[in-house]
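Number of protein chains: 2
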Amino acid sequence: MKNIEEVTTQVLQKIRPSLVESEKLMRLANRLLEVVKEISRNYEGILDARLEGSVAKGTWIRGREEVDVFVQFSKEIEKEKLEKTILEIGNVVIKKFGGKTRLRYAEHPYVEGTLDSIRVNIVACYKVEPGMWLSAVDRTPYHTDYIKSKLTGTIADEIRLMKAFMLACGVYGAEIRVGGFSGYLSELLTINYGGFSNAVVAVSNWRPPVYIDIEGHYTDRKEALEAFGRPGLLVVDPVDKKRNVAAAVTDTKLSEFILASKMFFDSPSERFFYTPEHVNRYRTMTEVRRALRGRCILGLRLRVQQKPPDVLWGEIKHTLKGIRRALEHEGFRTFRYDAWSEGDLCVMLFELQELNLPAYYLHHGPPTYLANALEFVKKHSRAQDTVAGPWVSGSRLYVLKSRAKTSVKDILRIRLTKGDVRVSAGLMDAIKRVKIYKSGEEIAKLASKNINFRQFIFEFLEARPPFLARHAQ
Amino acid sequence: MKNIEEVTTQVLQKIRPSLVESEKLMRLANRLLEVVKEISRNYEGILDARLEGSVAKGTWIRGREEVDVFVQFSKEIEKEKLEKTILEIGNVVIKKFGGKTRLRYAEHPYVEGTLDSIRVNIVACYKVEPGMWLSAVDRTPYHTDYIKSKLTGTIADEIRLMKAFMLACGVYGAEIRVGGFSGYLSELLTINYGGFSNAVVAVSNWRPPVYIDIEGHYTDRKEALEAFGRPGLLVVDPVDKKRNVAAAVTDTKLSEFILASKMFFDSPSERFFYTPEHVNRYRTMTEVRRALRGRCILGLRLRVQQKPPDVLWGEIKHTLKGIRRALEHEGFRTFRYDAWSEGDLCVMLFELQELNLPAYYLHHGPPTYLANALEFVKKHSRAQDTVAGPWVSGSRLYVLKSRAKTSVKDILRIRLTKGDVRVSAGLMDAIKRVKIYKSGEEIAKLASKNINFRQFIFEFLEARPPFLARHAQ
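Sequence lines, in order, name chains A and B.
Number 378 in the working numbering belongs to position 387 of the first sequence; there are no gaps in the numbering.
Number 22 in the working numbering belongs to position 31 of the second sequence; there are no gaps in the numbering.
Be a bit skeptical, because a hint or two may be false.
The list treats identical chains as interchangeable, and a pair is accepted whether it falls inside one copy or across any two copies.
[To be verified] Heads up, simulated DSS-like pairs for lysine-lysine below, C-alpha to C-alpha not over 25 Å straight-line:
hint : residue 1 : residue 2
1    : 87        : 232
2    : 369       : -7
3    : -7        : 370
4    : 141       : 392
5    : 66        : 87
6    : 396       : 232
7    : 70        : 440
8    : 370       : 72
9    : -7        : 233
10   : 28        : 141
11   : 308       : 396
12   : 118       : 423
13   : 423       : 312
14   : 87        : 139
15   : 118       : 233
16   : 409       : 87
17   : 426       : 298
No wet-lab data here; the hints were simulated from the structure.
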């Protein structure tokens, strides 16, 4: 078995860009910035333009190059004006470089382009004093400056290791779909612990709630945690004491990160740095059918409208929970659920204990000493769907009733039709036209429709985070 | 609909013995008493002999005549001597009257005989001062005297109504099998409320805990309830302030009594006074098969040793609970259970939600922040019976496992073999040779073996107390 240093040395050789590659990327980035600045002069209220993100900090991973140019507007400029202006500038700049543009949405729309197969983002923000934030990205220039001030020695490489580790372990990315660790957060953690290895050792010993406050904005851990509502992970933003940089990290991703760190520390290996895409091959229908054997899988296939991913995934996650709740309320046991989306398709999967409920169920009545005991007896003694009873056990009445429907498809369909499932308003229409599938041939049929959901279905059935995937063992 | 008075008047005509019948019974009782007294003179340490029970009090129901003769021993006589003596006296007396004798067991053995188809019991007790009780039946003469002192007006008839009502509703009898109301308790309740109708109205409004203290032994209801451990029903014995006459009444029987009273008050009818034996006919196998349809019934057939009923039924009830616990622990849902016994046979029935567990089950692991998370992952990642996972959800690890056995018969058999079910020591041997049956044809086969368990199985499937039985509606 290799030790941690041997592993990280080898990984770094793969993920650290060469000097030539670095210079090429920096040249592109600086030329872009110059052009953005030049064009910006034609607009009123633009105060500056700067490089942000991993290029500005020199912390990117080879193969994941990305250039972020931020245009800083005066706070006098209205939101609509800012949005209109950034789209104009972005389109002109990208076209000037001969790239293709795409409109993207975060809090504000921005322009994404691809130049020499490198992703470029032209983003607008307000130039404001710390704490006077007008939009979520106004902090970014301060984050860049803060990280740059800490980049001594080989810390940039340590950050690369951290990002590659998080990526491969499936916990990287603050978008709602992932609920993981942002780039900035990965940088802060590495800086806080003085390197990747130290950070992994520390994380492997984390026991939430975890409190990190690099700049010492708070003096009392307990007070700080209370102030943020006791999150599992609190990393106070060095440039904004009121912000938890880890606010987007879900309990699951935090726990996966802890487990991945424990496993890496226990048996260091390069596999912890290779993203699943590198190793996962597409699965055949035979493999999917084999994995489905004996499983109780419920699948929903929706056609969704185009919308910003964080909006869509917020709706998807809320709807997943609503459906799970409805299923549990009907008496089903839900082991797990997950969703996948691409273009206008969305697939939701639920693994259940059973796809059909027992034909009969126990119905609890009131204690016999209550006045409504008599009503209960009268109602159920004669009811068509009473199988046995009423009888008395302890102080209560009980009756055995037969279910009108037992199949999860029928039961869910009825509840959805009645509007008796908590569904996001944004998915209401899609849910009305939902297709419901259940294992085994029905889910296999669903898997056969698209190679990407086939892959998702297979991974759902395997149910292991990337760092525990079978091929990685 | 008849009113309560019309109903009770009619019922009384049926359950009140005629003058001729009364005189005949009293003649027999007094002749018996004389002979017992005569023979007792041959033994040392016998102080007196008296009539007890419903004959002594004149509160018996027509058709349920029974003569109790109590021989009162001096407290100097040892237990063994008392037991030997009462068996001698009992046998001599019954034979002298030309009847057949049978040895019976309560706390002490006693002699039961049948004369002119009337049951006769010759029982031993110690003659002691109140509170100095040496055996459970020493209180009986005091109970008899107390009740006789209260029998003014028509109260004996009111008691007859109460007993007939309790009998027909299935709540009469303090033996462990029933867990219901003793004759003395039925008398005290009737006396306390000044008659049957008043008592039924009061009971229909009971909300446990119920506290009745006719002689005012306690001044504080709360204190009295606490002193007895907060039973559902506390009726302080007028002749012994430390005894709860209702100690043997289970919550279920108390609740059934309340419900039966509510129902009778709601729609008075003679059917509340007819015992099930009067109305229930034996069921055909076709009826049993129809009732079994879709039901999940587990049956156990045991051969038990002869022993006093209260001992056997204590063991049966304890064992029923132990088996239920084991089934629930394995993941089965138990709706109800009950048992039946006759001679050396005992049948236990359980109604379950399902007879087979799902092939796969969710196994909960530790939170990832604990040290043993790694062990869990290593163990389950490679285990043969791991179907999917391990995965992380919230802070915990989970894994989907496959069950070695899914059938309730196999699973229960394995646990019984391993000694992993809490079974009464007295039934241990019987359980080792238990036959296990499950619905539908297996239970039908069980039902076909004996007309009495067939009847029990049918009533178990119907699952209604007598006062709610279908034929009674």
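Between the shortest in-copy and the shortest cross-copy C-alpha distance, which are at most 25 Å for residue 118 and residue 233: within, between, both, or neither? Within one copy, since 19 Å is at most 25 Å while 85 Å is not.
Since the copies are identical, ignore which copy is meant and state whether residue 426 and residue 298 lie within 25 Å (CA to CA) inside a copy, between copies, both or neither. Intra 21 Å, inter 64 Å, cutoff 25 Å: intra-copy only.
Within a copy, between copies, both or neither: which one fits residue 308 and residue 396 at a CA-CA cutoff of 25 Å? Cα proximity of residue 308 and residue 396: none, with 27 Å in one copy and 36 Å across.
For the identical chains here, do residue 370 and residue 72 meet the 25 Å Cα criterion within one copy, between copies, both, or neither? neither (66 Å within a copy, 59 Å between copies)
How would you label the pair residue 396, residue 232 (within, between, both, or neither) given a Cα cut-off of 25 Å? neither (55 Å within a copy, 57 Å between copies)
Alpha-carbon proximity between residue 66 and residue 87, which holds within one copy, between copies, both or neither at 25 Å: neither (28 Å within a copy, 118 Å between copies)
Could you place residue -7 and residue 370 in one of the four classes (within, between, both, neither) given a Cα distance threshold of 25 Å? between (72 Å within a copy, 22 Å between copies)
From the Cα coordinates, with 25 Å as the cut-off, is the pair residue 70 and residue 440 best called within, between, both, or neither? neither (42 Å within a copy, 86 Å between copies)
Homomeric proximity label, residue 87 with residue 232: Cα distance no greater than 25 Å: For residue 87 and residue 232, the Cα distance exceeds 25 Å both inside one copy (41 Å) and across copies (103 Å).
Evaluate residue 118 and residue 423 at a C-alpha cut-off of 25 Å and name the case that applies: within, between, both or neither. Neither: 45 Å inside a copy, 83 Å across copies.
Intra- versus inter-subunit Cα pairing at 25 Å for residue 141 with residue 392: Neither: 68 Å inside a chain and 48 Å across chains, both beyond 25 Å.
Up to 25 Å between alpha-carbons, please classify residue 369 paired with residue -7: within, between, both or neither. between (75 Å within a copy, 19 Å between copies)
Checked against the numbered hints given earlier, the structure breaks hints 1, 4, 5, 6, 7, 8, 9, 10, 11, 12, 14 and 16 and satisfies all the rest.
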